[in-house]
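J.: What follows is the residue order along each chain.
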Amino acid sequence: MHAVIPYVIAALLFALGVYGVLRRRNAILVLMAVELMLNAVNLILVAADASIKSTLSGVQPEAWAYPAPEPKAGAIFALFVIVIAAAEVGVGLAIVLQYYRLRRAVVLDEVPLHEHEEQEAR
Amino acid sequence: MTVADALMLALGVIAVGSGALVVTSAHLVRAGFYLVVSLGAVAGLYLVLGAELVAWVQVLVYVGAVVVLLLFAVMLTRAPIGPSPDLDRPAGPAALIGAGVGLGLSVLLLDAFRWTRYDLPPPGTGRRVGEQIFGAWVLPFEVLSILLLAALVGAIVLSRPDIGARPGPEGADVVAPPSPTGESAEVVARLERIAARQAAAQARVRAQHAAEAAAANQAAAEESGGEPAEPTRDDVLREQARNVVFRAREAGPALGGEDPPAPETGPRRVENTVGEPIPDDEQPALPPAPPKALPPKDTAPPKALPPRTPGKDEGDDA
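Chains as they are written, first to last, in this note's numbering: chain A, 1 to 122; chain B, 1 to 318.
If we strip away everything but chain A, and leave its shape as in the complex, we get (with noise of 0.2 Å):
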């Protein structure tokens, strides 16, 4: 089989989480784009998991073509990455609802950055 499918796929995926993350001002929906970016990073790692090898038979065997020794690393990447990404939404979605809990709105564009400069300054 062809192995730019998937990684052209995950390119495209990746594009869309790009976009998403500049274009919403909803701070969940930029959770979701991150999301998105998040599953195109870990399409690339199973994909090459599942093709570097094959693709780069002809070539010399140089020590940077297999970074691991051990097979399935990119599944294994994978999997670690989903975790983190679990542990990021968890946290994210957290100081979302806090901060909706202070203010009542979730708009990135409004958050108030200097916040407390301006009333030290005062």
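I should point out that these hints are in silico values taken from the structure, not numbers from a laboratory.
Treat the numbers as computed from the prediction; the structure is a model and nothing was measured.
A virtual CB, placed ideally from N, CA and C, is assigned to each residue, including glycine.
Quick look at which bits of chain A chain B covers, simulated, 3 or more residues with Cβ under 8 Å:
hint, region
1, 13-25
2, 30-41
3, 77-88
4, 97-106
Taking beta-carbon pairs under 7 Å as the criterion, some of the chain B residues facing chain A (in silico):
hint, residue
5, Thr2
6, Ala4
7, Ala51
8, Val54
9, Val57
10, Val101
11, Thr116
12, Gln132
13, Ile133
14, Gly154
15, Leu158
Just the calculated beta-carbon pair ranges, DEER-fashion:
hint, chain 1, residue 1, chain 2, residue 2, range
16, B, Ala112, A, Val107, 39 to 45 Å
17, A, Ala105, B, Ala203, 36 to 42 Å
18, A, Ile84, B, Leu76, 21 to 27 Å
19, B, Ala136, A, Ile84, 16 to 22 Å
20, B, Arg160, A, Ile84, 20 to 26 Å
Based on these hints, arrange chain B on the given structure of chain A.
T.: Coordinates of chain B only, in the frame set by chain A:
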């Protein structure tokens, strides 16, 4: 073009299409559900690529937990149900950067892999992945578990005001938790709309009952010989109820004195007005009443009840 290629292309189209809907949809909840579709398609891609364990973990953790968390947050922040017009920034720069990233990465990967073919690896078993995780990667695994624990504790500390979350810098701008009705103008308007609809429905039902009652009265008057002065069934029942109530109250202070004069104060039931008879509350208040009250009630029956018409009792209740 093998079967795996075709499968991968189809799943990729689904993943990218629903991913595009995630970042462009104007409905918050729909974006969450499109995210489910996109992540499920990516799980299918993992399956085709031979990483079964990753695919099922993706389904369990992402579709089962992360999206549910996101939808919880959508609901907890009181997202509107319809489309939200102010969800997006202007599209120009974001589309430019996103298209640049996608084009650059795609060109890079296309140039790197060209049309190389490769054989699918033998389907990876969970056993091999497990051996790897707990063999070569056991230290990152443990670090990751500590990270998860820290994230859990951090989320709890962030969201519990009594241990972690401090009030605002002045302490005064902490908004009290909103009451569901005093919330936004939208909620208030929705509640008002519901109340108006209920009032209209009640008025309609009441008018219908009034019309039915009027028709029944007319029919009763016609049946009783056309006497217009004949009291209708409603009037008779109402009078009887009034007699029961007020005579009983009048007779109350006269307890133990002379016999209550009212013939109708006995425990009698007003037929057909309500489903259950009036409880005999007056019984202890008027000890000598029943034996004396019954004969005049029989000899002088109150005004004859007009014939009962079906469908009227419901009207009486309303």
